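Chemist: Please model the entire structure based on the sequences and the hints provided.
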Amino acid sequence: MSSGHEVETNREARTIEEQRQTILELQTPVIEVWNGILTLPIVGSVDTARSQEMNEALLQKIVDTGAEIVILDITAVPVVDTAVAKHLLETVSASRLLGAEVLIVGLSARTAMTLVHLGLDLSGVTTRTTLAKGLQLAFSLLGLEVVRRRESASDRLAPDGLDMGV
Amino acid sequence: MARAPIIRIGEVLIATVQEDLNDQDAVDLQDELNQQLERTGSSGVLLDVSQLKLIDSFLGRMLRDIATGARLLGAHTVVVGIQPAVAVTLVELGLELTGVYTALNSEKGLQLLRRLMASERARYRSGNERSRIH
Amino acid sequence: MNARESTDLVIAVDGENGIVIARSQARALARDLGFGMVDQSRIATAVSELTRNIVRYATGGRGEVVIRDVINASNRPGIEIVVSDDGPGIPDINLAMRDGMSTSSGLGLGLPGTRRLMDEMEIDSGAGRGTVVTIRKWRR
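Protein chains in written order, with my numbering: chain E, 9 to 174; chain Y, 13 to 146; chain A, 3 to 142.
There's no promise every hint is true.
If we take Cβ atoms under 8 Å as the criterion, some of the chain A residues that face chain Y in the derived model are [stated by the list, open to error]:
#1 Glu18
#2 Ile21
#3 Val22
#4 Arg44
#5 Ser50
#6 Glu51
#7 Arg54
#8 Val68
#9 Asn96
#10 Ala98
#11 Leu119
FYI, nobody ran anything at the bench for these hints, they're computed from the structure.
Predicted model only: the values in this text are computed from it and were never measured.
Beta carbons: idealized from backbone N, C-alpha and C, even for Gly.
Modeler: Printed below as a string of structure tokens:
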């Protein structure tokens, strides 16, 4: 095998890898909603292949952004059974290895009952019912606070957003 | 073979784990860290594994053992730089890195160590005060 | 079972250094076959686990690792690794495959974990007759 051939193989392998990464990112919409906070809405069923792709894309995003909090939104996941729960736990564990804590939001009452019945150890997982609540928790974990500004005359805006100057 | 150099910065020992570390190197690293902890009384260990393209059950156990040993010698351990592919594989392998703190990189790892060392000191102080009141 | 072909990569394991060699060769072939970074890591880790079993448990720490590329019935390319030794063998394979004897406890052969990383795994073993573990992973 000549060295020229080896260089060609390596370059091809790299290109294939880069293309794969791009496809992965497009399929898994990880959004940085705030400095250091990522959200990932999961829509549809979570099988092994999908879960693995999700983890790859999410972890890469954690590396790229240095985010320390990940909010996994399972509102749109129709069925949460043992397999799905295990996949979610894997996402939690893998993210932790990269220094990010995972909050799972969007649990329904039915999902909660299912998980309790399954008897899985979910003690290490933090959950909230809605994305908004998850975001609130994320802010407080990062030591951030949302504060309403004191209203002054110059804050009053006309309906079309123009400063009234009253 | 590939010897991981151990650097001391303040209260923290920093070791960068070389790629292609074989089993004996791993054991040597553990020994070396324990000896240095005993000698220097450092209260923090930062293990940089960013060069590892693979962490199998043996290396995983080594990381756990290093953390346990360091704890016995009065130091917290933070592992940094686990590559995404390695993290996914570790989790699928089913290896639990219990007792091992992790952070994304050295900078965050040192921040975490400082927090751990500070809260430890605070606990120690308040514990002492409690016993004095008696 | 498979005829030895000239494109097979054969690694004679004799001691600990065989682990690093076997897994880096497996990773190299996986990379050349177009496996992604995570799959490369899975394959290398699986090979590391199995090769370590040779060093730990086989007679004299000796055995053999054969790495080859394969094609399945649907024309999908993949990698196949056969790890064999003449050691004491696994008397109860079912027991070894139970998660209680997995990598986390530090005991056992890490077979369940290895199985999870790969697509296929076959174990041919018995008390006193050595062990042959074959693992395969297919490109997506």
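Chemist: All hints are to be evaluated individually against the structure, with a verdict given for each.
Modeler: Hints versus structure:
1. Glu18: holds, 5 Å
2. Ile21: It holds, given that the least Cβ distance between A:Ile21 and chain Y is near 7 Å, below 8 Å.
3. Val22: holds, 5 Å
4. Arg44: This hint holds: A:Arg44 lies near chain Y, its Cβ roughly 5 Å from the closest one there, short of 8 Å.
5. Ser50: Constraint on A:Ser50 satisfied, holds at 4 Å.
6. Glu51: It holds, given that the least Cβ distance between A:Glu51 and chain Y is near 6 Å, below 8 Å.
7. Arg54: holds, 6 Å
8. Val68: violated, 20 Å
9. Asn96: Interface hint status for A:Asn96: violated (18 Å vs cutoff 8 Å).
10. Ala98: Not OK, violated: A:Ala98 not within 8 Å of chain Y, min 14 Å.
11. Leu119: Holds, because the Cβ-Cβ distance from A:Leu119 to chain Y comes to roughly 6 Å (cut-off 8 Å).
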